[in-house]
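Asks: This is what each chain is made of:
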Amino acid sequence: MCEDPNLMTMRVGIDMVSVDAVRQSVDEHGARYLKRIYTASELRDCDAPQGIVPERLAARFAAKEATLKVLRPMDEAIPWHTIEVVRHGPGWVTVELSGRAAALAAEAELRNFELSISHEADYASAVVLAS
Amino acid sequence: MTEEIEEIRRIIAEHGRLSVEASELTPDADLYHAGMTSHASVNVMLALEDHFDIEFPDRMLKRSVFESMSAIEEALRELRTETPVSGA
Chain A
1 MCEDPNLMTM RVGIDMVSVD AVRQSVDEHG ARYLKRIYTA SELRDCDAPQ
51 GIVPERLAAR FAAKEATLKV LRPMDEAIPW HTIEVVRHGP GWVTVELSGR
101 AAALAAEAEL RNFELSISHE ADYASAVVLA S
Chain B
1 MTEEIEEIRR IIAEHGRLSV EASELTPDAD LYHAGMTSHA SVNVMLALED
51 HFDIEFPDRM LKRSVFESMS AIEEALRELR TETPVSGA
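Residue numbers (this note's numbering), protein chains in the order written: chain A, 1 to 131; chain B, 1 to 88.
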């Protein structure tokens, strides 16, 4: 660990999720799965005229997991809703923390979070950088 | 082996997306080491809730609760202790 106070802390997290696994979860558990994991805002962003889009859900789940890897909770419950992916138009997304997730970030002196998500037919992935 | 462990094993086999056969695991075997992802653990949790008619509170949604069949059995026991049977 670097002890130089002039160097800022930086952490990175990455995750990949099977789109098929998410599709199966929606099929098997429906609203219980959706409401347990995703915020109302996230669900709106994942909706389309043909219905909920599993690829978008998978990308958001990957983003939550990547954020957890940045936050590094010890064996502690971090509710899924306290890590929210926010879409800014069609162009980019950010991650917003609340509750215990925000507290963990504050304890680690992480103030800036950057998120990138991507998906194809089979897999979705996310990378989070925090400093 | 308790009957409940076998019920948990069946749910894990169906929802855990393990890379090994659930039937080969001991009750204390680490399910994450056996290939269960965080996303699969959500499905296991929801299936456990359906099967045992319980609900995992937020405070129990952590890795250690779902890391083995024994840990899940202990969590179920804890939930039943906390939740009074309706109509009792």
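Please keep in mind that the hints were generated in silico from the structure rather than gathered at the bench.
For every residue, glycine included, the Cβ atom is placed at its ideal position computed from N, Cα and C.
Heads up, some of the hints might be wrong.
Stated by the list, open to error - Mimicking DSSO-like on lysine-lysine, the simulated pairs with C-alpha atoms at most 30 Å apart in a straight line are:
1. A:LYS35 x A:LYS69
2. B:LYS62 x A:LYS69
3. B:LYS62 x A:LYS35
Stated by the list, open to error - Selected chain B positions facing chain A (Cβ under 7 Å, derived; list incomplete):
4. GLU7
5. ARG10
6. ASN43
Asks: For each hint, tell me whether it holds in the structure or not.
Replies: A quick look at each hint next to the structure:
{"no.": "1", "hint": "A:LYS35 x A:LYS69", "result": "holds, 22 Å"}
{"no.": "2", "hint": "B:LYS62 x A:LYS69", "result": "holds, 14 Å"}
{"no.": "3", "hint": "B:LYS62 x A:LYS35", "result": "holds, 18 Å"}
{"no.": "4", "hint": "GLU7", "result": "violated, 18 Å"}
{"no.": "5", "hint": "ARG10", "result": "violated, 15 Å"}
{"no.": "6", "hint": "ASN43", "result": "holds, 5 Å"}
Going down the numbered hints, you'll see the structure goes against 4 and 5, while the others check out.
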